[in-house]
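*Asks:* Protein sequence lines correspond, in order, to chains A and B. According to this note's numbering, the first sequence holds residues 47 to 239 in order. According to this note's numbering, the second sequence holds residues 47 to 239 in order.
Intra- or inter-copy, both count: the list cannot distinguish identical chains.
Below, in silico cross-link-like pairs of lysine to any residue (SDA-like), each with a Cα-Cα straight-line distance of 20 Å or less: (1) Lys200 to Asp222; (2) Lys116 to Ala181; (3) Lys200 to Leu170; (4) Lys230 to Asp198; (5) Lys116 to Leu139; (6) Lys200 to Ala178; (7) Lys230 to Ala142; (8) Lys239 to Glu201; (9) Lys236 to Val199; (10) Lys231 to Pro194; (11) Lys200 to Pro223; (12) Lys95 to His67; (13) Lys95 to Ala70.
The hints are simulated quantities; they were obtained by calculation from the structure and are not laboratory data.
There are 2 protein chains.
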Amino acid sequence: MSRVSNRDRILEAGLQVVHEHGYANASVRDIVAAAGVPQGSFTNHFASKEAFGLEIIDHYLAATRDVLEKTLLDETRQPLQRLEACIDTGRDLLNADCMRRGCMLGNFTAEASAESEQMRNKLLSVFDEIEAAYAHCLRAAVQAGEVPADLDVKETAALIVQSLQGANLLAKAHRDPTPVDRFKKTLFEKILK
Amino acid sequence: MSRVSNRDRILEAGLQVVHEHGYANASVRDIVAAAGVPQGSFTNHFASKEAFGLEIIDHYLAATRDVLEKTLLDETRQPLQRLEACIDTGRDLLNADCMRRGCMLGNFTAEASAESEQMRNKLLSVFDEIEAAYAHCLRAAVQAGEVPADLDVKETAALIVQSLQGANLLAKAHRDPTPVDRFKKTLFEKILK
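Throw the hints in and build the complete structure from the sequences for me.
*Replies:* Below, the structure written as structure tokens:
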């Protein structure tokens, strides 16, 4: 039988606390309470709150990778179908609580990237990885003739990632996924034409 | 001679502290230290940190309104010139520190809109006001024949506001204004065509 370690409990429960309340708002006390472990456990397993923050970004990235693999990188589907599926899946996941928490990567960027250089570099590498998946899918769309042959794939991938972050942010304020659908419509009807 | 009150000092210095370090990260102690006033001054003038947060959003809005009036709402210039001037001015203001602090409205949305319903409603009303200024300018662009007559002015204004938020967020992570310029190029070359 597998045994969930206190470390894993802290990471899993801690990610939820941080995603819900924000990184700065989430105290170590809140995190250990949510994990149901003694307070000393946190300092046993993490050198600092920053070290913990970097690890939960990795945890969040693992879930994001799973979405990318099932959508943008799924070679069995047509490229633009994959692109639409990726945007829809991301929206539906965040919409489980009416967009209330928003994208954790965007939240971290807003509140922690100016304070911690390690955090900022971690976020940049995550955004780069997501952009690369969009670029891969757009390259396939060019090859399949689904988008113009002269589409700047790298620039368009970067535009999608940044625009979805903005859509998620306004969706969080409105508690409504309309901004994501608005961007998707513009992307398919104008930007990829 | 005009006399700066402790209340004004707290608002002015506090806005800088919050914009630089984030709302949750900025303690009342940091704010009064930056303002050079006794700690008791804060509680004399603000019922809570939330009440203070709502007021600094109003202060930030006043500066934003000034930009909107000098750009989007400046009837002496052609509409698309005004639109470009607005995006450039916003970028240059945030780029004074290499985009490091980001847009305070976006930062507040990311870290405080899920925690405070009053804050969320305040941010929504600010975003609405900014959107209305973009819509006003786009309507003028339609009338001047600078953009297609069937452009959905309200939807496009909402798209601009959300996409600039995302551009500012990625620019903050990269400490580089390229994401803003990337969106501007797409806006003028594709979305408004």
